[in-house]
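Heads up: the sequence lines are chains A and B, in that order.
The opening position of the first sequence corresponds to residue 1 in my numbering, with each subsequent residue numbered one higher.
The opening position of the second sequence corresponds to residue 1001 in my numbering, with each subsequent residue numbered one higher.
Keep in mind the hints are simulated off the structure, nothing from the lab.
One or more hints might be untrue.
What the hints assert, rightly or not - Stretch-level coverage of chain A by chain B, calculated; a stretch enters the list once three of its residues show a Cβ under 8 Å from a Cβ in chain B:
#, stretch
1, 26-37
2, 69-80
3, 176-183
4, 230-241
5, 315-322
We put the beta carbon where it would ideally sit given N, CA and C, even for glycine.
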Amino acid sequence: MQTPLLKRLWQFVREPLDGWLMLFLGLVFVLSMLVLYSASNQSFDKIDNKLVYTVLGLVVMWGAARMRPQSIMNFAPPLYALGVLLLLAVHFKGVTVNGSTRWLELGITRIQPSEIMKIALPMMVAWFFQRFELSLRWWHYLAAMVLIVIPGGLVLKQPDLGTATLIMAAGFFVLYFAGLSWKVLIGGAVAFAASLPVVWNLMHDYQKKRVLTLIDPMEDPLGAGYHIIQSMIAIGSGGPFGKGWLNGTQTHLDYIPERTTDFIFAVYSEEFGLIGNIILVVLYLLIVSRGLMITARAQTLYGRLMGGTITMSFFVYAFVNMGMVAGILPVVGVPLPLVSYGGTATLTLMLGLGMLMSIGNTRR
Amino acid sequence: MSRPTRFKNTQAEEGQFQLRLVVAYAIMVLLFLLLVSRFVWLQVMQHEHFSTLAQNNRISLVPILPNRGLIVDRNGVILAQNYSAYTLELTPSKMADLDATVAELSKLVNVTPRDLKLFKKLRAESRNFEAIPLKAKLSEEEAARMAAHAWRFPGVEVKARLFRDYPFKELTSHVLGYIGRINTKDVERLEEDDQTTNYRGTTYIGKTGLEYTYETQLHGTVGFEEMETDAGGRAIRTLRRTPPINGQSLHLALDIRLQELADKLFGKRRGALVAIDPRDGGVLAFLSKPGFDPSLFIDGIDSQTWKELNEDWEKPLVNRALRGLYPPGSTFKPFMAMAALETGAIGPNDIRPAPGYFTLPGSSHQFRDSKPSGNGMVNLAKAIQVSSDTFFYKLAWDMGIDRIHPVVAQFGLGSKTGIDLDGEAAGVLPSKEWKAKRFAKYRPEVGRWYPADVVSIGIGQGFNAYTPLQMANGVATLANDGAMFKPHLVQQVVDDRHAKATPINTNPVRRLAFKPAHFEYVKRGMQAVLQPGGTAARIGVNLPYTMAGKTGTAQVVQIKQGAKYNAGALAERYRDHSWFVAFAPVEAPKIALAVIVENAGFGAAAAAPIARALTDFYLTGKVPADLSGQLQTVKTETRSAAEIARAQAERAAEEQEGHDANPAP
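The whole structure should be built from the sequences, with the hints applied where relevant.
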């Protein structure tokens, strides 16, 4: 009698989850635990916290995966509206830390509404396209752009160039999958390139500095360039096979900044070398491939748009983080998906993956 | 109707969408490939470069300072040592507001205006990232207070440092010299000698005296610790340690008891005294009065104190024994006598007049004798005993400078002795060449040698100018029948670690090829000086051993023709200098000395008693009754070389602990 019960429980848990994705996530998770243990100097505090967050994230993911995409979709307008309202509240009543106003004081805790927008914005844009699926005209795209620019602009004003870029990129991915004309896309790319000098002038000094630092970190080796130089040293000295787990000197002698969060990849890279990097990149590519596969089989427009966008966003996070640690992209506050330590980011990400699985579960 | 159209549309849209997925996928794969190629560049192609950088990041070489060698006297009494104390050090580059930090620190520790002045001076001289001491030698209480408040002051450290201590201060200042902070000039010298690495972490270097001469031996060899350091510069663990080799100690020939006694005998008077062991050239006492407190110089002297010392008319900073040039007065006569005998200008038994004054043929200028009535008819020995000026005027006139110079020069007068101290003055033993060279820039008449020039030279005046050290060495050579040594303060350089002593070369540098009979003759004449009828008969009373000497009076100002020297009428500093040279015992000399007391008048009055008291103590251990209570070193127990070595080894170990006891930052 017991076996069928357990079997049924297993079935219940297993049923909404995507097997391939779970396998890849599990492998990345194992790596992330190894590197976090090393990065936190072999302390279990962060490991414990991360386990808690991961379990929470799994629950959220499972919950999202169990729901039908249509039901989730219905949350889009209120979630988006709430997000914009909170961003406005930040704008007027936010807490300023290090010169940028990103947080909202809620008495007990402090929240960062731009984090909500990472999910809410693409949901809203996808909802919008689904809503007008049968009568899409050029002005619908224009309207979608407005939906993107409102929160994007608010976040940009905080200022938080990194998050604003990620949010707007997510919205843009929806537009892309919704069939925004190639001409507009290419025209936009050209216009963007042309507007760079203007953007440069509008940027804050610290943002300019980040870009300059990227071009030549040695310009300011003890200041802005320090982080990049040290993480490049970590990666480079790791060599083809790495220094071995727990043996990274850059890591354990504190040379790597933010080594459990944004720069955790430098730790990984130093200890596991090029081989490790390739394994991680391949795992990410597998996750992305699976995501696009699910997307390709999605039944509804909303499903396609969200599936594609979640997958692309996942890729962008991974690429931007590794690119920044490897010194080819400017330093923006983007964690390495599934690996970096941090509760909010984990939850948001798992939620996204859950939504992806839910899309996969409702096939034609 | 619309259904099929819509279906078609959907299919077209479907195709569109799949295309976009493929494009997106292609872009993602491409970007991942870009990332991987970046990794390949960093981790394969640039791997070596970054490995080096990581290694440099990780490992820093921390110098371990060797302990500076000790300096002990011939009996093992410590004259220079090290002790550990806490200093408060600031690194300007690590703090936001230096002045505010200093102000805050002043509330916790007692920072004197002198400390502040010194700090400002050092600040101007050092680079921003160098730690500069604000206050040396914190009290235990201050060190504890600082430790408790350290967190408030980034860039402020309390460090255990070794300090140099000269327990006898003024007494040994002109022998030991002092160490001081390494300045740009020292750095240049170190660079020339390729010693920069060996001085990493070292703050002090010998500036003068033995500390300067024996810098290499005293300093030792720096050790290194390869430390693994984290990004904050904190040392994590030691990878490798090369221990330092401590400096070697100097064992001096100097007897501090003799030195102290001499000092007390001088009292407040100015002058110099050099005592040499004629048997090996070891310097037994080396005094220049007044001295100074060497500790003033170690951490850099403030400009006001420096000005005071430098402009003091007593010139405490001048090493009179080494650099003070004085006419020797009548102490020159024994050397004149040697020259006269050697050149055959006079025979031992020749009797000549010694009248009240001497005039040159065809001149009315009177060279007066110190005794207006003269000494009648005397031989050479008697002339030495009574110090007849007119006898030696005539002798010098008869000989001419060309017969005097070569013989006297062999006693080392007018040239550096080569003692192990820097900055020795050569002095002047006049000759025709010397005069021509000396006055080369004037009209030729000025540089020409006039026969009359030699007359006053015969009694040690005129152009004659020697250091007390030269006189002592000359007398030692004479006492030793011509065996001449290079005077040396250091007897042995001792390596504590290997318990190995390197003796300083004590072979005679020269043996003067003069007739032993002539040495004997002159020495007997000098012995007579202390006997009844001699100029120093008073100090020859009750001699338990034999002693020979010669008084001298060096003129500071020329007395006008016809005028009488009247000490009372002259300002003190224009009075004559009082000289005395001596050796004892006459048969087998163990000590030779030269004493000059500035502006103290006749040699017999001031200088001779000092010499007698010293020989008394050195040969019999007797201490003048009136001084016995004041002498601290006399009772100091003497230790054997083995005992000293053991004590030093223990000391070195303690000091090393002092080094290591730096509180963890």
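So, going through the hints one by one against the coordinates:
{"no.": "1", "hint": "26-37", "verdict": "violated (count 0)"}
{"no.": "2", "hint": "69-80", "verdict": "violated (count 0)"}
{"no.": "3", "hint": "176-183", "verdict": "holds (count 3)"}
{"no.": "4", "hint": "230-241", "verdict": "holds (count 10)"}
{"no.": "5", "hint": "315-322", "verdict": "holds (count 3)"}
Violated hints for the displayed structure, listed by number in ascending order: 1 and 2.
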